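Enquirer: In order, the protein sequence lines correspond to chains A, B and C. For the first sequence, the tail end lands on 545 under our numbering, and the numbers increase by one without skipping. For the second sequence, the tail end lands on 66 under our numbering, and the numbers increase by one without skipping. For the third sequence, the tail end lands on 164 under our numbering, and the numbers increase by one without skipping.
Since the hints were derived computationally from the structure, they do not count as laboratory data. What you are looking at is a predicted structure, and each value in this text was computed from that prediction instead of being measured. Glycine residues also receive a C-beta, built at the ideal position from the N, C-alpha and C atoms. There's no promise every hint is true.
[Claimed, not checked] Simulated coverage check for chain B against chain A, where a stretch passes if three residues somewhere in it have a Cβ under 8 Å from a Cβ of chain A: (1) 20 to 33; (2) 47 to 55; (3) 59 to 66.
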Amino acid sequence: MNSSPNRLVAAHIWVAFIAFAVAAVMGAWQMLVRSPIDAPLETAETYFVSVTGHGALMAYVLPTLFVMGFGYYVAMTALKQPLPGLRWAWAGFYIAAIGIVMAVVTVLSGQATVLYTFYPPLTGSVFFYLGVLLVVVGSWIWVAVMITAMMKWKRANPGAAVPLAMFATVANAILWLWTTAGVGAELLFQVLPASLGWTDSIDAGLARTLFSWTLHAIVYFWLMPAYIAFYTILPKVAGGRLYSDTMGRVSFILFLLYSLPVGMHHLFMDPEHGSGFKFLQMMLTALVTVPTLLTIFTIGASLEIAARLRGGKGLFGWVRALPWDRPMVLAAGFSFIMLGFGGFGGLINMSYAMNSMIHNTSWVTAHFHLIFGGSVVIMYFAIAYHIWPKLTGREARSLTPIRVQLWLWFVGIVITSFPWHILGLFGQPRRVSSFDFANPEIAYWGPWTTVSAIGGFIMLAGAALFVWNLATLYRGAAADRTMSYAMAVHQPREVPRVLNGFGLWNTLVAVLMIVAYAWPIAQFFFLDTYPAPVQRVDVGG
Amino acid sequence: MTVTRQHDGSTDEPDDLKEADLERALRLVPRGAAALAGLAVALIIVGWLLVYLLVFLPRGPVN
Amino acid sequence: MDEKRIVRSELRWVFVVAAAVTLMLVVIVATTLANALHPPSNVETIDPATLHIAGEFTEANLGTQENADGTVTVRLIATQYAFVPRCLPVPEGRPVSIRVTSPDVIHGFIVAGTNANTMVVPGFVAELTTEFDEPGDHLMPCHEYCGLGHSNMWAVLRVVPEEEWIPDANGRMTCELVP
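Model the full assembly from the supplied sequences, consistent with the hints where possible.
Expert: Structure follows, in structure tokens:
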């Protein structure tokens, strides 16, 4: 890490993974609290402080800092130009870091036990919300740097196709700007004024609607680095080529379009919206499956190229010929399996009236832990393992601890989340600290909850080994610092303008968001609504 | 097929695949990928149908 | 290999994907129309500050009420940290409408093992209609974080067989929880 740009990348990724490690301890402990086994320090207060911390660190800090760090790295290595605005990037990092410390201290002191989803009219200390807002502000600087870097490259390379890794990174930056608008408005206009004592009531329905604007798109923001790795790193590591660069561009554009106007599928069970808009957003949600389904085919074909080149035979037998000993390939394999199961759960969540069967049960927890904790975070691991030699200049001394770590994480998440699906169908609510397992009605939940908790500790072992690997393993032979990305079978020299920028797509996002959200938000200003009294959870409230 | 060196800089270090090998591999691709992805999607849709028809609907109407 | 063949294979896959998604949507739309299914979506506002003083959700009105047409309406309040009332009798196999609101913060519930599920948002009345076919007690936990006492917020929905369903002269029915 001899140069400042590399330090910038490493600093972001380290903060992301330190937050991850702390949150992993919290998560495993929470599972113990929910199980029939006694946990140390078990009270309702410690549990919900922990849930708030786990959620905020895993949902806001880990992905945001990782996406930023990886984005800076892609901008430098895919565009092969110095990062414009390096000082700004550092400023963004320190702003986010201050925000993280502010939010974490506030949460741990019990002044903001409102969960990471805020849930007004519950209102905590202003420092929690300000901390989260600072992380967002830091990430907005990243957005500006990403867009500037792409524009600068386009001016220097007129007419040339923006490398897919950077095209996707900028798609994610623009997606993120749109995504943060919802929660940003909720914080600025509703939650912050309440936490400062300027207002004494909050329209809870409006707050939930604004949060839903953010709540689904944020998941795709988390997911994009995994997809960038699938399209632009994995095919090369596996020894093949990307089957279609065009399909990559199309998929990333579809993510930008369809991950935003669908957030109301989180509000299917809410009384403040009519069934019309819920139905509309259900239909739009069905469309967001398309880019993921395109991806599994395109990446499958890219891996098949690699496997056939290695002598792979048969309709399915080629899978065995892939170099599974390479961490990136192993992680991607696990990622796709978890994406399959997580996607299955997600399809059930989005199916309109069927949401009644599982809304706010452990089923939902299972779904997003499989998708985010599973398929996405395992790719964060793989990306970190892949670029660490290039950042540190040293190869890993051995790949065995890396493979063990990936296995631990995969097995852990499967053992954690499969029982959660079953418990969800039984009706076990999420976000509850303890169950009366002596009650015969729910006694049979006990064993499933215990199995799930065991999975949580396997994940914790995987998390610990990951941090250990990153900190100690890269002391081997001198490494080639060059980062190269996968070539496509048909490497594009030029691509149509619409596949090389985001002007048209931004306009379309705006249109879709107006169609999907204009009335659901506006209705609160036409309806005779009654705001709910602010309820402070911090001392002095 | 020819592989061109790119303006875009992303292939400054082209991989060392031989074009003839790639051509041969591409005679089979994407049959395996289509089979695998198709099977995965089919299983997911069947699973979804089973849950919708055999678990959700029998639990009663939602009106 | 020429690029057109790659594009053609991708388009064939898009067709498969479209067929799969369409199949799902057709099943959803058909069953939704056939059974008039919809999630709780009545968009009915209420003042959380005064709901205990006057109107539908005053204490005397809470609980189970059999209507003239044989259907049943259950009215309850979700408040930190209890459902009022805590025991809700309903008849087996008849349409039951549950109407619920909150005077304080966001709550929600699921009746375990059934499709009865809703959020309870202060300022709005949530209403859902379903049927319960399995006699006996069903736990009904609050399923949305509402404060530190959230985990202790449970009610019981008691599904009563038709022969034991004997409401009083006003059509009211109550039940008691055995501690």
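Enquirer: With reference to the structure, classify each hint as holding or not holding.
Expert: Against the structure, the hints:
1. 20 to 33: As far as the stretch 20 to 33 of chain B goes, the hint holds, because 9 residues have Cβ atoms under 8 Å from chain A.
2. 47 to 55: With 5 residues close enough to chain A, the hint holds.
3. 59 to 66: Since three or more residues must qualify, the claim that chain A covers the stretch 59 to 66 of chain B holds, with 3 doing so at under 8 Å.
The structure is consistent with each of the numbered hints, conforming to all of them.
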